[in-house]
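Take a look at the letters that make up each chain.
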Amino acid sequence: MSLSTRQCAILRILLDMDNPISMSEIASQLEITPRMVRYDFRGIERWLQARDVQLIKKANYGVFIEAPREVRIDLIRELEHLAGYHLILSPTERLHILILSLLKCDQPLLIKQLEPRLGVSRPTVLSDMNKAEKWLEEHNLSLIRRPHFGFKTVGKEGDWRKAVVDFLLETVGEMPLLVLCKGSKAALRSRMKGKVGLLRVLSAFFENLDLSYSKKLVDSIERMLHLQFTDDACVSLVLHLAILIGRVGQGKIVELPPQHLKSLREQREFHAAKIIADQIEQRFNTVLPKSEVAYIAIQLAGAKIRWTVSDIIGERSAEEIEPGVLEMVDGMLAEASIYLHPYLRVDQQLIRSLAFHLKPVLSRLRFGLPVRNPLLEDVKRQYPYIFKVARRSSDILEEKVSRRIPEEEIGYIAMHLGAAMERLRPFPGVKRRVLVICGEGVATAWLLVSKMQAEFPEVEVVEVMSTSEVSRRHVFRGDIDAMISTVPVEIVGIPIIVVSPLLGAKDKARIREVLKIGVSTSEPADNAGEAEEPCLATLITTETIRLRVAANNWQEVVDKAGRLLLNTGAIEARYIEAMKNIIVKYGPYIVIWPGIALLHARPEDGVKRLCMSLVTMQSSVKFGHLYNDPVDLVIALGAVDDRSHLKALAQLAEILGDQEMVNEIKSASAKKEILELVSGTPQKSSVMPSRKDAWSDVGNGKYLSQ
Amino acid sequence: MAKKKRIEILTVCGVGSGSSLILRMYTEDVLEELGLRYKVSAGQASEARGTKADIVMCAPEFAVVCQGGSAEVVPIKGFTNKDEIRETLTEVLKRKGFI
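First to last, the sequence lines map onto chains A and B. If you count the first sequence from 1, you need to add 33 to reach my numbering. If you count the second sequence from 1, you need to add 12 to reach my numbering.
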């Protein structure tokens, strides 16, 4: 009885697992369909039965091989000695191995060498090569490919290092790398479960990197500068240092433009970099060129720093924030507060957290350092409106650094804004004490804290810590009820709830369960106390609609549409005259759609409150417009300022831009038909309609996992 | 990556809060489609001469009133005709080197 290559691959995964795994998980690891897996299982079961090993299959639970570890190792060995056995790599795994090979290799690689390494034939290698080339190009590297020469990566040293660090973060992930820096390979192994081929290549790569020494260097920098890097910044620094040590040993030096060198000299990061460079020079008996010292300094300046609760709440003196940065924050918040909430501009917690956040952002932008934002897609999905506002607000930043701000950075700014909006949701109540552990950066932590505060009034966040801090600092067990963490941690004696920083529905349920919080009976009103901006349906009502109105000239039309507004008490009589005067003065430009006029005048012409009326004509009336005459639908608008009618107007634009809807309105014989149309319009998304949208971003029921 | 200059556009009408806003919305849509960086604000025709914006968009009736400032005045016949806005604007933006 023999096994197919695919069956071997499935079996290999099963033998690797200590816990049950579902068919679809196996399928996704091998990038095949679950049906293929199920089909292969018959043969696998028979093969195992012949060796007295049982395969357990349970619905909703998964599949696993019930055998002690030794038996499993024996089976793996037998499997690997089978004739024709070779590792079957999933397409992604293959691509990763190929990219790493291309990055690692100084000599050109030949297809002949790659075929056995990837376990596929020439055409597949070539098609993988195209994907790898695309990846390299995205990282500013290029691939030389020539017949009889092979394939070779070329590019600037700095870009090469960035690419390698990016690659490791992408394939291995932050947490396993952090654990690896501390000297344990356990997390790497469990992350690479089922990807034996990639694990092998990666392990070989890490053999040549002195991660634990670099980690010690980073620890000493933290002590020297009296600060703490976020976990992701720490990982990236360690990798950069370890790679730097290796590359300098091979005589591969980064080049920096002289003006960068000059601007760096005054920064305190440069002094720290010098001390680190001294240590490296002594230990490896080598000399680091100036550009490498500057390279370290740049990495330090751009690293995200973890702030403590007291930093942000305000015990730290404000002088430490540079005035230039504060000014920029104020500019950004001035813009954001228009669209989100006026309080944002004076929200001290937001101002501080954003100011602390911006400093490394500016360094990153200035030196073109990339930043990863693993939550970007989630943020865009969950806070679409706030993300847009964040983009607008960062225009000031963009002008300052004369560079386009990458979406990743915008995402972080959106998270700070989102956090502030979450804080604005009211929360009364008695507190339960928790400690928040966050592997990610500042913005993530604060978003989580704010969401916690908004969602669970009963919970008080005592402190926010990084994983390394938790293990270092003594936490008073009796002082807190639970730890809420975005990454898996192991601490004895305290319940730990692992959640997504965006706090999905399942996360919330778990927190409720562990902290024994009942489902809150009174959900906080989304916009309590907030003046809601009227939508079209609140303005166009039975009182403000008239159908099939007869009029002899445009003046009469304005009178009739205006009278509807006058009758509701929203305008003074003079506003009707003002609407006519505008047309007399400027011409009939107000006929803005074919056959549709939008009558309006200035707020100060006698508008008491925002109002709108809709009139259809019995027979069309000429306004004298060159193209859009004659008119048979009229909207009269009375605005009180430049902004509050934006949402209603956007909805109106949506309707009137749709010829079918316009026709329906024009031919309507009952007001009900129009009311239905009006209330059924979703608002336009591409404009900035109203603050209300921000509340729907942070409001209940729009969470990620729902 | 050098940044492309952000386009600033002022849309105007006689009042500054009705049709100019509608024009602003449609213009924003078009600029979004074109994938450009922009800032569009709406205002009264009387603001057009003193504006710092690159382009002023208005109804043809206002073109004369708007002329005379530093901005290029672009008359739009159909405030709500996206095709016209896109065509006219693309041509102007190309000429001014934004695209």
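One thing to keep in mind: the hints can contain errors.
Said to hold, decoys possible - Straight-line Cα separation of at most 20 Å, EDC-like style, residue types lysine to aspartate or glutamate; simulated pairs:
| # | chain 1 | residue 1 | chain 2 | residue 2 |
| --- | --- | --- | --- | --- |
| 1 | A | K541 | A | D592 |
| 2 | B | K94 | A | E693 |
| 3 | B | K51 | A | E432 |
| 4 | B | K51 | A | E431 |
| 5 | A | K413 | B | E73 |
| 6 | B | K64 | A | E697 |
| 7 | B | K94 | A | E368 |
| 8 | B | K94 | A | E493 |
| 9 | B | K89 | A | D199 |
| 10 | B | K17 | A | E432 |
| 11 | B | K51 | A | E368 |
| 12 | B | K64 | A | D691 |
| 13 | A | K618 | B | E59 |
| 14 | A | K613 | B | E73 |
| 15 | B | K51 | A | D675 |
| 16 | B | K51 | A | E493 |
| 17 | A | K137 | A | E64 |
| 18 | A | K413 | B | E45 |
| 19 | B | K89 | A | D662 |
| 20 | B | K17 | A | E78 |
| 21 | B | K94 | A | D428 |
Quick caveat, the hints were computed from the structure, so don't treat them as lab data.
Need the status of pair K51/B, E493/A: alpha-carbon distance at most 20 Å?
41 Å, violated
For the pair we were handed, K541/A and D592/A, check the Cα-Cα distance against 20 Å.
57 Å, violated
Would the hint linking K137/A and E64/A be met if the CA-CA limit is 20 Å?
26 Å, violated
When you check the alpha-carbon spacing of K17/B and E432/A, does it fall within 20 Å?
9 Å, holds
Would you mind confirming whether the straight-line C-alpha gap from K94/B to D428/A stays at or under 20 Å?
At roughly 26 Å apart (the allowed maximum being 20 Å), D428/A and K94/B break the hint.
Hint check: K51/B vs E431/A, CA-CA at most 20 Å. Holds or violated?
The hint holds at about 13 Å.
For K618/A and E59/B, compute the direct alpha-carbon distance and say whether it is at most 20 Å.
16 Å, holds
Does K64/B pair with E697/A here, judged by a C-alpha cut-off of 20 Å?
Given that 20 Å is the threshold and the Cα spacing comes to 42 Å, the pair is violated.
Taking 20 Å as the top limit, are the C-alpha atoms of K89/B and D199/A close enough?
51 Å, violated
Straight-line alpha-carbon gap K64/B to D691/A, limit 20 Å
Violated: K64/B and D691/A sit about 34 Å apart, past 20 Å.
K413/A paired with E73/B [C-alpha distance capped at 20 Å]:
41 Å, violated
Agreement of K51/B and E368/A with the hint, judged by alpha carbon distance not exceeding 20 Å
12 Å, holds
Figure legend: structure checked against the earlier numbered hints; hints not met, in rising order: 1, 5, 6, 7, 8, 9, 12, 16, 17, 20, 21.
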